[in-house]
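Modelling step: build the complete structure from the supplied sequences, incorporating the hints.
Which chain is which? The protein sequence lines are S and P, in order.
For the first sequence, our numbering gives the first residue as 1, with consecutive numbering after it.
For the second sequence, our numbering gives the first residue as 1, with consecutive numbering after it.
No lab work stands behind these hints: they were computed from the structure.
Just so you know, not all the hints are guaranteed correct.
Claimed, not checked - Cross-link-like lysine to any residue pairs, in silico, SDA-like; alpha carbons within 20 Å at most: (1) P:314 / S:84; (2) P:314 / S:73; (3) P:8 / S:99; (4) S:79 / P:407; (5) P:411 / S:216; (6) P:8 / S:119; (7) P:411 / S:96; (8) P:302 / S:102; (9) S:79 / P:318; (10) S:17 / S:60; (11) P:314 / S:82; (12) P:314 / S:76; (13) S:79 / P:402; (14) P:301 / S:139; (15) P:411 / S:39; (16) S:175 / S:146; (17) P:403 / P:392; (18) P:301 / P:407; (19) P:301 / S:98; (20) P:18 / S:141; (21) P:8 / S:112; (22) S:12 / P:408; (23) P:241 / P:84; (24) P:411 / S:201; (25) S:79 / P:2; (26) S:179 / S:143.
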Amino acid sequence: MIETENLKKTYKQGSLKVKAVDNVNLEISDGEFTAIVGPSGSGKTTLLNCIGGLDDPTSGNVIIDDEVISSYSSGQMIKFRLNNIGFVFQSYNLIPVLTAKENIEMVMLMQGYNKQDMDQRSSDLLSEVGMSNMSKRRPAELSGGQQQRVAVARALASKPKFILADEPTANLDSKSTAKLLDIMSKLNKQENITFVFSTHDQRVIDRARRVVTLEDGKIIKDIKK
Amino acid sequence: MNLITLIKIGWRNIWRNKKRSLVVILSIVLGLYGGLIISSLMITLNSQRMDTAINTYLADIQIHDKEFSKEYSLSDTISNIQYLEEKLKQDNRVKAYSKRVVINGMLSNSTGSYGVNVLGINPETEMKVTNVYTKIIKGDYFESERSNTMVVGKKLAEKLNLKLRSKVVIAFQNVNGDITSLLFRIEGIFKSGNGMFDDYNVFVKNSSIFSNIPDLKSYHEIPILTVDGGVTTNSLNESLKLDLQKINNTLDVKSWDEIAVELAYANQMLGSFLYIFMLIVLSGLSFGIINTMLMAILERKKEIGMLMSIGMTKIYIFLMICFETVFLSLVAIPFSLLITYITIDYYSVSGIDLSVVGSGLENFGVGTILYLKLPIEYYFNLSLLVILISSISSIFPAIRALKINPVEATKSI
Ligand SMILES: Nc1ncnc2c1ncn2[C@@H]1O[C@H](COP(=O)(O)OP(=O)(O)O)[C@@H](O)[C@H]1O
Ligand SMILES: [Mg+2]
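Below you can see the structure in the form of structure tokens.
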């Protein structure tokens, strides 16, 4: 379970202080399929970065399975991210010089998997996201949608507690968007994988089972379907 | 995480921007090539200089009387020379030897006078030890029946305006202290390749000296050529030297590098000089390497941010960038070595003709044609130096990469 406790993040822009995340208290249980929505600049990315330990909150806590991760050192945090969180970004998810399969396996290499398990798991994951036949392609030889599917597979490779996806469909056409969401929602239902993703795309919002709306860094609506 | 993956990523990364990487690789290739060729030139110059000195005058080992080595006095001849010669003839480490009378005197004619070193020799035995007879450019090397003939260097001949059959007078202090003058005619003019030697040394037959100075009973100098001679100092020469010294403690037995200390010293200095020189050249190159890598890292901020986000530790990021940097030079090294080898191999046979700057080289004691050579350890050591310097260079970009924030990965622009 992910919890935030009075989470605040302020940025200084010159003399101005911007409250990117303003006193957010949020609980996300295991197995949720939750969208963080809101207009551009509402704090979605900042909130996800704090939850994922990429950014330090100005005050408040992020607690994951009863561990206060916002107090971790940067070294601890890197290790925690590797073993517990899967990330999918809007773009630049993959290393351009590695193939789809190698990109997925890299995470497992960092975790110390043996070659056989790694090979098996990366093949399974590629087939789960429907990319088995493109395992040897490099990112540049894949479409944006295909790259994002590989990124989801990569995010899953480390067997994380949950996956954070910051506008994963922002660069995709509607067909690829639908396909990616199909895969995410299938993984959520069948494998009980927790997804938290940000978006401002209405079609993506419609597929979420919980929608948390931000405005100026504050939660203004939290609807569970 | 295993290193192979990092190596794979690093290796492939250098080919992402081919043009930029190739520019760096090419500059390393040329830098190393230039350094190796210059090293080769210097080493060749120096060793040809030593060869010339050994072949024209020094030989491998020389024996003098201890007193002669101090004062160069005519009376300090080598004592008990028959016994010494017997030993030399028996010793199979000795290839050849000769005996010289050495006189410091003034050479004069109507044009002027110069201080010279007169080497009184037996032409037949001397020809087995030194090669001045092959360097005659005018006249002959003691073929005339006349007794008082002299062979002089081209330099000295020019200064005193000496022609073949010109008359010269040698004045020197005799055994009993009186000044004695002897008349000689020029029979030959030589050009040894070492201008300084040609300027100062003249050859006469020792018979013409003995007949004019009845008080002189023996020789001053025995140059010895060994079976294992040459520029490299070796154990055979060293042991022969020690054995000869044991014969008689009035003898002063020295190897060529002890006699021509300045030559041997130059040789020792050269090694360190070349490494310092290469260090400077390669340090210049390292700026190019660092700059290229810094650019590459700025371009890949998001990618590196992503790697940090998904859990790549700092040490791996650091190593990844280091590998990439070092690979640039690893690609360059084989090319440099290959073209260096081809160049040196070619000029080791056909030689580089430096007659354009020839006169300068001759004063330095080298012939005008350089037959390039480069000891194998230079290829090896200079390659190691390149790897060392690129490893050090890689630290700067790698540290820069560590400063990248993982949130870069989430920035949309
Ligand atoms: N590194 C930063 N420095 C200064 N201001 C920032 C920084 N990152 C985000 N902000 C500001 O914080 C607010 C929230 O940004 P963000 O979390 O990116 O919103 P969203 O992802 O919803 O578009 C914005 O006003 C943005 O300008
Ligand atoms: Mg955003």
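**Item:** Numbers of the earlier hints that this structure fails to satisfy, in rising order
**Value:** none
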